[in-house]
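Protein chains in written order, with the working numbering: chain A, 17 to 274; chain B, 478 to 810; chain C, 5 to 297.
Keep in mind that the hints were calculated from the coordinates and are not lab data.
C-beta atoms are modelled at their ideal positions from N, C-alpha and C, and glycine is treated no differently.
Please note: incorrect hints may appear among the correct ones.
Unchecked claim - Computed list of chain B residues with no C-beta within reach of chain C, every gap over 12 Å:
id, residue
1, Ile489
2, Pro503
3, Pro507
4, Gly535
5, Gly631
6, Arg651
7, Val664
8, Tyr773
Stated by the list, open to error - Straight-line C-alpha distance at most 25 Å; calculated SDA-like pairs for lysine to any residue:
id, chain 1, residue 1, chain 2, residue 2
9, C, Lys100, A, Gly199
10, A, Lys82, B, Gln695
11, A, Lys82, A, Ile95
12, B, Lys611, C, Gly266
13, A, Lys82, A, Glu30
14, B, Lys591, A, Leu75
15, B, Lys644, B, Gln695
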Amino acid sequence: MEEGRRAVNILQTERLTKYFGDTHAVDHVDFTVTEGEVLALIGSNGAGKTTLVNLVSGLIPADSGKILFQGTDITSASIHKKIELGIARSFQLVNLFDRLTALDNVALAIFSRDGKTRKLLSLAESDPAVRDEAQGIMQSFGLASKAAMVAGGLSQGERKLLDVAVAYALRPRLLFLDEPTSGVSTREKAPIMDIITSIVRSGRITAVIIEHDMDVVFTYCPRIVAMHQGAILADGTPDEIRRNEQVTANLLGTQSHA
Amino acid sequence: MSPLAGPPRRVIAWAIPLVIALAVLPFAAPPYQTVLLSYGLVFAIAALGFNLLLGYTGLLSFGHSAYFGVGAYAVAFVVKYLKLESMEAFLLAGVLASAFVAALFGVLCVRYTKIFFGILTLALSQVLWSLAFKFFWVTGGTDGLRVPTPTLLGGTVKMTAAGGQDKLGFLSHRYYYYVLAVFVICVAVMWVIVHSPFGKALQAIRDNETRAEFVGVQVWHYRWVAFLISGIYTGLAGALWVPLNGLTTPDILYWQFSGKIVFFTVLGGFQTFFGPIIGAVIYNYLETYAVGHTVYWQMVLGVVLVVLVLALPAGIVGTAMRLMPRWRRAAAP
Amino acid sequence: MDTLLIHILNSLLYASVMFLIAGGLSLIYGVMRIVNLAHGNLYAFGAYVTAWAIGAVLGDAPRASVALYALLPVGALAAGALGAVLEPTLLRPLYKRAEEYQLLITFGLLLILEDLMRLIWGPYPLSISALYEALGSLHIGESIYPTYNLVVIVVGAAAAAGIWAFVYRTQFGVVLRATSQNMRMASALGVNVNRVYVQAFSIGCFMAGLAGAVVVPQQGAVLGMGVDALILAFVVVVIGGLGSLEGALVGAVLVGAVRELGITFFPEIELAVLYLMAAVVLLIRPAGLFGRA
Numbered sequence: 017m018e019e020g021r022r023a024v025n026i027l028q029t030e031r032l033t034k035y036f037g038d039t040h041a042v043d044h045v046d047f048t049v050t051e052g053e054v055l056a057l058i059g060s061n062g063a064g065k066t067t068l069v070n071l072v073s074g075l076i077p078a079d080s081g082k083i084l085f086q087g088t089d090i091t092s093a094s095i096h097k098k099i100e101l102g103i104a105r106s107f108q109l110v111n112l113f114d115r116l117t118a119l120d121n122v123a124l125a126i127f128s129r130d131g132k133t134r135k136l137l138s139l140a141e142s143d144p145a146v147r148d149e150a151q152g153i154m155q156s157f158g159l160a161s162k163a164a165m166v167a168g169g170l171s172q173g174e175r176k177l178l179d180v181a182v183a184y185a186l187r188p189r190l191l192f193l194d195e196p197t198s199g200v201s202t203r204e205k206a207p208i209m210d211i212i213t214s215i216v217r218s219g220r221i222t223a224v225i226i227e228h229d230m231d232v233v234f235t236y237c238p239r240i241v242a243m244h245q246g247a248i249l250a251d252g253t254p255d256e257i258r259r260n261e262q263v264t265a266n267l268l269g270t271q272s273h274a
Numbered sequence: 478m479s480p481l482a483g484p485p486r487r488v489i490a491w492a493i494p495l496v497i498a499l500a501v502l503p504f505a506a507p508p509y510q511t512v513l514l515s516y517g518l519v520f521a522i523a524a525l526g527f528n529l530l531l532g533y534t535g536l537l538s539f540g541h542s543a544y545f546g547v548g549a550y551a552v553a554f555v556v557k558y559l560k561l562e563s564m565e566a567f568l569l570a571g572v573l574a575s576a577f578v579a580a581l582f583g584v585l586c587v588r589y590t591k592i593f594f595g596i597l598t599l600a601l602s603q604v605l606w607s608l609a610f611k612f613f614w615v616t617g618g619t620d621g622l623r624v625p626t627p628t629l630l631g632g633t634v635k636m637t638a639a640g641g642q643d644k645l646g647f648l649s650h651r652y653y654y655y656v657l658a659v660f661v662i663c664v665a666v667m668w669v670i671v672h673s674p675f676g677k678a679l680q681a682i683r684d685n686e687t688r689a690e691f692v693g694v695q696v697w698h699y700r701w702v703a704f705l706i707s708g709i710y711t712g713l714a715g716a717l718w719v720p721l722n723g724l725t726t727p728d729i730l731y732w733q734f735s736g737k738i739v740f741f742t743v744l745g746g747f748q749t750f751f752g753p754i755i756g757a758v759i760y761n762y763l764e765t766y767a768v769g770h771t772v773y774w775q776m777v778l779g780v781v782l783v784v785l786v787l788a789l790p791a792g793i794v795g796t797a798m799r800l801m802p803r804w805r806r807a808a809a810p
Numbered sequence: 005m006d007t008l009l010i011h012i013l014n015s016l017l018y019a020s021v022m023f024l025i026a027g028g029l030s031l032i033y034g035v036m037r038i039v040n041l042a043h044g045n046l047y048a049f050g051a052y053v054t055a056w057a058i059g060a061v062l063g064d065a066p067r068a069s070v071a072l073y074a075l076l077p078v079g080a081l082a083a084g085a086l087g088a089v090l091e092p093t094l095l096r097p098l099y100k101r102a103e104e105y106q107l108l109i110t111f112g113l114l115l116i117l118e119d120l121m122r123l124i125w126g127p128y129p130l131s132i133s134a135l136y137e138a139l140g141s142l143h144i145g146e147s148i149y150p151t152y153n154l155v156v157i158v159v160g161a162a163a164a165a166g167i168w169a170f171v172y173r174t175q176f177g178v179v180l181r182a183t184s185q186n187m188r189m190a191s192a193l194g195v196n197v198n199r200v201y202v203q204a205f206s207i208g209c210f211m212a213g214l215a216g217a218v219v220v221p222q223q224g225a226v227l228g229m230g231v232d233a234l235i236l237a238f239v240v241v242v243i244g245g246l247g248s249l250e251g252a253l254v255g256a257v258l259v260g261a262v263r264e265l266g267i268t269f270f271p272e273i274e275l276a277v278l279y280l281m282a283a284v285v286l287l288i289r290p291a292g293l294f295g296r297a
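Isolated chain A (complex conformation) (with noise of 0.2 Å):
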């Protein structure tokens, strides 16, 4: 990972903070994150992961503080203009189109990054370019041969792999993973993320993934950010917060081997 004296942060949040209720489920957070690198977001249910990747994604509104983007402040952005941007998102629940095929759910990815969704007069099967570059993200992702069976068939490790498959299909630079190997057999865990580190490798997107199961989080992301109560609890290589004491006595019984 290099940090170059003037890397851009392809990423920045500053005091970021985010209630529900009395409680700081995001808590004056700065968050900085290099471009190009792989990062890991841990900590306990309830420590703020998911909802400062809500934050930054655009799910929920801010309660205080900035969101950079590349320098640009995407605090109040929309959604869309977030994607635009080039920020995309998988889901820890997996958030397909269920009803169609799995090709489809790659393919309309395309099609509305392309911009291409305004069609309402061509086929869209008639789009030999879409229809080639979703068989060949399926064909990275190992999902070829399923290709035209129905979101909703496929097995739960296809699923998570496809959920990644449809954001990673917006050719994102920053991309957020929540959990891609949550409710997957532990045999099937390396599988997935030598597919995400590969793709995202060699497409070179900045990752940010969250994650319970240690193994993987050591194995595959050379930077850890570890969260507890909505703060940042530490920040460092794997060998750095294993050593990290706060991080131990915080995410003792946290370590999955589902």
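Given chain A's structure and the hints, the job is docking chains B and C onto it.
Just chains B and C now, kept in the frame of chain A:
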């Protein structure tokens, strides 16, 4: 909805004989039957429009009588105020008027889903209905407005031909073919729309509104456009309906008519493309032949609707597709 | 001055009835997250049952005994009972399915009830105006005002207080609120959710039926009153927020006031003014004044 590259061979296999049958009907059946089927085709166009919202976008409207009625009354106004008798003028008026109303109502309605959407559409159509009564000097109140038989194709096809005025003959031949042609065009256009990238976006919104938003589809906008197209189709149907009926009355703005549209769409199967069409045509026959047998037609509809929801949610076409193995492969679950 | 008082009383009268209907709708939604499109028909059903029961006892007598008022609640009880039958048979099977199906089935129910009432009671309105007149009228300044109208207002206020007490001061109310906030949690804590649902639904239907029962001496029972009531209840609920009893109260009072103003100055556009109000509220505050998203 099955993913298809153009209409599959299966569809064409039965579509062609069907179109032929439809084309020769006026020569094979009594005029009454042809006119009856015309009504069916008109309702089918309304059902197609309605189902763009329900089956493809996931929005259940209880107020589609508004657009049908607006289309019909637009025609009546064109006759009353502009003294025009051209069917093309009728269609244009119907489309423009229903587009305007749908655009307006859509802005309010598509911000909501499900319950609020449903009741809001119902309420708005009731407002129109009450306006039709209140402004009786414009709309003719309960008596309605008469509409004479129009001329077709820019005045070239008229009711008076060799042999004098023959309204039934006109309706069962020339007007029937006109309706049939418009019907076929409507079906083709809607087919393209639902299989277009736009159509996929609508289905995505139906399946998962949040993810659609996160894929860059601005849900509100797309719903509004779907609402607009849906309203136009239904308004077009209303415009086609008036010459058949000869008269337009506030009844077609009333919520019961909206209920019929919901009913025959669900009867045919709102999760398929052709279901609503079949449902509309079948319903038309049911209503015509059964209405004489019982005054409590509404109760029959209600009971059938309840049974459909509990036992046969896929409707006639949807259930048929599931029962026939070779069709099951083509049908998406 | 007395005209003003009469206007206020009229608005409160309307508000009373609307609160009962809309409150029932909101209660059901608050607990079960469903909207019964046939809710207005339960109001109509309450009206018909009461009119029929009292009419049967009244016979052709020109004057009614005030004692007959004791029979009024019959409509409310009938509506509540009907609700208790409908929920487990028609609604429960659909909780796990897409919401469209709930709307479709309750719409089917609306159609059935409309014709059922016509089947049982015929196409002509049922009237028990003799009962309405039995209470006479009182003088408000120079004008006369039917005493019965005040009864309706009192009933509405009592119902509001009663429902409030029920929801916030009883054991069952606690269970109701818990279930409405988190059904799974309540279930995990041992609450019989099915029973809570059928009870909540019956109460909501009872309220609608009570509105019908209470209004029928003044207005009679007529076909089509159900759908009209549904739409008006919807206007109240839009303004007050779906799922909120306070909202239903505030919404009902506002709607009553605006309607009274509307009729006085612009009788032609009465309904339109209400819809306009609803539209404005929807545009500014989609969840209503008190609503939960």
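Hints versus structure:
no.: 1; hint: Ile489; in the structure: holds, 31 Å
no.: 2; hint: Pro503; in the structure: holds, 35 Å
no.: 3; hint: Pro507; in the structure: holds, 32 Å
no.: 4; hint: Gly535; in the structure: violated, 7 Å
no.: 5; hint: Gly631; in the structure: holds, 39 Å
no.: 6; hint: Arg651; in the structure: holds, 37 Å
no.: 7; hint: Val664; in the structure: holds, 24 Å
no.: 8; hint: Tyr773; in the structure: violated, 4 Å
no.: 9; hint: C:Lys100 <-> A:Gly199; in the structure: holds, 23 Å
no.: 10; hint: A:Lys82 <-> B:Gln695; in the structure: holds, 24 Å
no.: 11; hint: A:Lys82 <-> A:Ile95; in the structure: holds, 16 Å
no.: 12; hint: B:Lys611 <-> C:Gly266; in the structure: holds, 15 Å
no.: 13; hint: A:Lys82 <-> A:Glu30; in the structure: holds, 5 Å
no.: 14; hint: B:Lys591 <-> A:Leu75; in the structure: holds, 21 Å
no.: 15; hint: B:Lys644 <-> B:Gln695; in the structure: violated, 49 Å
Figure legend: structure checked against the earlier numbered hints; hints not met, in rising order: 4, 8 and 15.
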